[in-house]
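Place chain B on chain A using the hints.
Number of protein chains: 2
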Amino acid sequence: MVVGPGDDAGIFRYGNTLLVETVDVITPIVDDPYTFGAICTANSVSDVYAMGGTPLTALAILGFPSCDFGAPVIKKLLKGCIDKLEEAGACLIGGHSIEDSEFKFGLAVTGVVDKKGVLTVAGASPGDVLILTKPLGTGILTSAAKRGKVQKGVLNKVIASMLQLNKTASKVAVRSGARAATDVTGFGLLGHGLNIAKSSKTDLVIFYDKIPVMDGVKKFASLGMVPKGAERNLEFCNKDITYLKNLAREEILILSDPQTSGGLLIALPPKGLKVFARTAKREQMPYWIIGEAVKGKGKIIIK
Amino acid sequence: MVVGPGDDAGIFRYGNTLLVETVDVITPIVDDPYTFGAICTANSVSDVYAMGGTPLTALAILGFPSCDFGAPVIKKLLKGCIDKLEEAGACLIGGHSIEDSEFKFGLAVTGVVDKKGVLTVAGASPGDVLILTKPLGTGILTSAAKRGKVQKGVLNKVIASMLQLNKTASKVAVRSGARAATDVTGFGLLGHGLNIAKSSKTDLVIFYDKIPVMDGVKKFASLGMVPKGAERNLEFCNKDITYLKNLAREEILILSDPQTSGGLLIALPPKGLKVFARTAKREQMPYWIIGEAVKGKGKIIIK
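Protein chains in written order, with my numbering: chain A, 1 to 303; chain B, 1 to 303.
Read the hints as simulated data drawn from the structure, not as lab findings.
Small disclaimer: the values here were computed from a predicted structure and weren't measured.
Backbone N, C-alpha and C fix where the C-beta goes; we use that ideal spot for every residue, glycine too.
One or more of the hints may lead you astray.
Pair ranges (Cβ atoms, derived) [as the list claims (entries may be wrong)]:
# : chain 1 : residue 1 : chain 2 : residue 2 : range
1 : A       : Glu231    : B       : Ala248    : 56 to 62 angstroms
2 : B       : Lys76     : A       : Pro5      : 38 to 44 angstroms
3 : B       : Arg232    : A       : Glu87     : 35 to 41 angstroms
4 : A       : Glu87     : B       : Ser222    : 39 to 45 angstroms
5 : A       : Phe236    : B       : Ser222    : 43 to 49 angstroms
Just chain A, same shape as in the assembly:
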């Protein structure tokens, strides 16, 4: 097991315990403070799940303009955080607040991981099946929502997806023998996919039509309503992407859309697929097989 700079969390051995630790801070993506606290928490603990670990504790990091937001907002935010941590089996044991011009919230999370079940970005091998556990589009949809363009039903689905912990996805991945995973967050599917590809020294073939996308995302993308982060991500990744399918720029930008509390991207040896399918079914966990790892040097090929 080697944990490298591209991994979702750091690992530290203390005695027989492997501590897995991560920190994440984000700006609000929904208006309701309780929901934002819960999404932020799901997003932060996700890095521990992406390493195959179990979160134990969290510390809150809060930046806010105290003139604009009072105690009731902070209380709701923390309630959302604590409830979601409870769902994850972890607890909030401290935190720090700082006066800030813009609202920010995040968590430093400590978990533990079993040596045999560590998932890293360097663990993929040619032949592995690529599995994604949440559809893409949280960046595009939450940006559109800020402009009041998203129907309530659609927005509720995005929020439900962001609130979903990657706890089950992590458990299913470890049980079925996966060695590589990452959570799809700020760098989009392409950025995090390339992270696996480069660290594992393989290429990843991704079948565009197999990629799950949230309702409304294609419409907003086709209207050019994509966050700047998606453009920046694509600019950064594009030299390492080979397109074997004819795609419009707005179709590609969906793949670089920055996700908040996105799903796990798992590279699974094919012999683990049966166990994966069975366990996922039992846990009622949706998943999508979107491609495979092939021999290569760290690129993504889109078919």
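For chain B alone, kept in the frame of chain A given last:
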């Protein structure tokens, strides 16, 4: 052992291990990024020392306006952080950066603590001697320095004090049988002293003339050059302070001056004083006996 809301760090039991965790984020108080990184690190790990613990790992939290600061500044900052962590015996295993309008840096730190050596704010008893391990004045002096009012020699001494880890102070306190400590930081000596007083349900008697103060502090305070934080802290604390000595407001404000990487305030049973003195001497650690805990309900009496 009870760890409460006023303690410097949270404690979580995992198997036979007591994890001690804390997070702190601050804005720059010196111009040089290496020095700021190192001070910020000494300040963050201090909360683990204040609990009697040993830091193991740290996660960096960085907010910065990427247009104004480039990679060289961040590299120097992180080098200062990593060097100071090495001195503390801990290592940086991850972090998170976020675009911000103002520079901010901090660490989430995880350490371990021996059950028998936990220092809490609730552990003081009447009769305990109050010991402070660094002189006061970092807030007043760094504010004055920002206005170019502080001589280089004086400023260098403040910086040296902030760079000093509370590692030895923590070790000496635990070895000599202390049960209560806190580090003097943002709420000043009065704020953190009241934290011990209220949590321990004792009063603290502090002898004003015994309090160590950095060079230049009294001068700047008498000129009214005190940071707003000192005024806010005093306003918050004042109802719980009894003055048996005639002091000017600017003399009092030194006691509420917010400290960065301040010393430990230790409540030590008198029978531990010999060991404390002997160990401190061997470790070449300065300290000042500034008062004592007496029966009471959580107030500070200044004599």
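Hints and how they fare:
no.	hint	in the structure
1	A:Glu231 - B:Ala248: 56 to 62 angstroms	holds, 59 angstroms
2	B:Lys76 - A:Pro5: 38 to 44 angstroms	violated, 19 angstroms
3	B:Arg232 - A:Glu87: 35 to 41 angstroms	holds, 37 angstroms
4	A:Glu87 - B:Ser222: 39 to 45 angstroms	violated, 56 angstroms
5	A:Phe236 - B:Ser222: 43 to 49 angstroms	violated, 55 angstroms
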